[in-house]
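*Asks:* Spelled out from the first residue to the last, the chains are:
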Amino acid sequence: MAVIVNNPLFKKLGMKYPIVEGGMTWAGTGALAAAISEAGGLGFIGTGYWHGEDVRREIKRVKSLTDKPFGVNVMLLSRHIREVFDVIIEEGVAVVATGAGDPSPFLAELHAAGIIVMPVVPSVSLAQMMEKKGVDAVIAEGMESGGHIGMLTTMTLVPQVVDAVNIPVIAAGGIGDGRGVAAAFMLGAAGAQMGTRFLTATESEIHPNFKAKIIKAKDIDTIVTGNILGNRARVLKNKMAKNFVKNEVNELQKEKPDAAAMEKLESGTLRRAVQEGDKDGGAFMAGQISGLIKDEKPAADILSDIWTQATDLMGIDNTTL
Amino acid sequence: MTDTEIFDKVKEILVDQFDLEENEVSLTTDLTNDIDADSLDLFEVLNRVEDDFDIKLAVAEDIKTTQDLVDKVKAQLAA
Ligand SMILES: Cc1cc2nc3c(=O)[nH]c(=O)nc-3n(C[C@H](O)[C@H](O)[C@H](O)COP(=O)(O)O)c2cc1C
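Protein chains in written order, with full-length UniProt numbering: chain A, 1 to 321; chain U, 1 to 79.
Hints are not guaranteed to be accurate.
Stated by the list, open to error - Just some of the chain U residues that point at chain A, by a computed CB distance under 7 Å:
id : residue
1  : 40
2  : 43
3  : 44
4  : 47
5  : 58
6  : 59
What the hints contain is simulated information worked out from the structure, not anything from laboratory work.
These figures come from a predicted structure and were not determined experimentally.
Every residue, glycine too, gets a C-beta built ideally from N, C-alpha and C.
Just need the whole structure built from these sequences, with the hints factored in.
*Replies:* Listed below in structure tokens is the structure:
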């Protein structure tokens, strides 16, 4: 069976590698997205709860660094979502990826503007619902991932989603080298999305403490917060993460668990990790694959090294799309 | 379709999805609290309701009870 890497979606975007940068709030800056797109992957700006003008600033940054298409990852729960979409449409962004929530109310206008839409899905049924609404691809993200996560692993989720839908499926979660990318293709994915691996790219602007923490991390060094109160997120272990989990258990034992108080504890902590490198108080969101990542190198090298290894393993030409 | 017919079909989906007895599902059944549906279960239910009734629902619909589901289906069928 031939492995098909030249799917029309990636071809249309002129990508050289079927590798996508996962949108990352605070960490996924314009500089990193531009480096990845320029090298032939698909870079994404992470926007979290930003205002429209913050998003515009990063879009302009990418455009000043590359002519290649790139994407914007949006948080549908954000209060500023309307102005963020206005900016995305005005700026003619190529692709929108969506995290938690339902992008379908915005689908018609995004498609009218020629924008490709791909939501992250944690289950088969959500993937099917998204396909019915008319999205262009889905990102099946396993719980190995850094950041907010679902319940299934990449290994189990990807083939089940692939069997359930007829649009391209991009595999995410736990992919850090060519073996992971080849595995994604073996599971039937059309491409691979990576977050954690790109955090230690030279062009990644996260605090040096954050990069060092990923490079030092071992296989067992992540922990999931929010298991009990919801909003599960995978982060590298530190004081803040361990306290969070402990408080969560205490909170639950109370008659009325205060989810809002816990949320407050969480908010802002990712920014503190990314921008300030706050070792004790930051939420260093990163995936289980951190243990495999041992170096900082340019995004272009990450992509070409991974693709060389992946194509070697799959026994296909190291040709570009 | 009458309300009863809609309810019967919704009940069938819930019974199958959560391995319940028919008498465990009423209009006031709270999906989260009575049958422990988590958010992924709810997507599964919505997905099947969409297919079985041939309608479209918003993923973010605020659905708590069987009655809420029946109401959404009714509204969509009427639309
Ligand atoms: C620091 C960080 C922030 C993230 N923020 C977001 C986000 O805002 N929206 C989103 O859809 N995914 C987010 N993710 C998930 C990534 O897009 C990606 O799916 C994930 O990192 C893939 O797993 P990996 O880390 O094992 O490569 C984030 C991940 C990290 C590590």
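*Asks:* Each hint: holds or not?
*Replies:* Against the structure, the hints come out as follows:
1. Restraint check, residue 40 of chain U versus chain A: the minimum CB separation of about 5 Å is within 7 Å; hint holds.
2. Given hint, residue 43 of chain U at the interface with chain A, holds; its Cβ is 5 Å from that chain's nearest Cβ, closer than 7 Å.
3. With a least beta-carbon distance of about 4 Å to chain A, the hint placing residue 44 of chain U at the interface is held under the 7 Å criterion.
4. Taken as an interface hint, residue 47 of chain U checks out: its beta carbon lies about 4 Å from the nearest beta carbon of chain A, inside 7 Å.
5. Given hint, residue 58 of chain U at the interface with chain A, holds; its Cβ is 6 Å from that chain's nearest Cβ, closer than 7 Å.
6. Checking residue 59 of chain U against chain A: minimum C-beta separation of about 3 Å stays under 7 Å; hint holds.
When each numbered hint is compared with the structure, no violation occurs for any of them.
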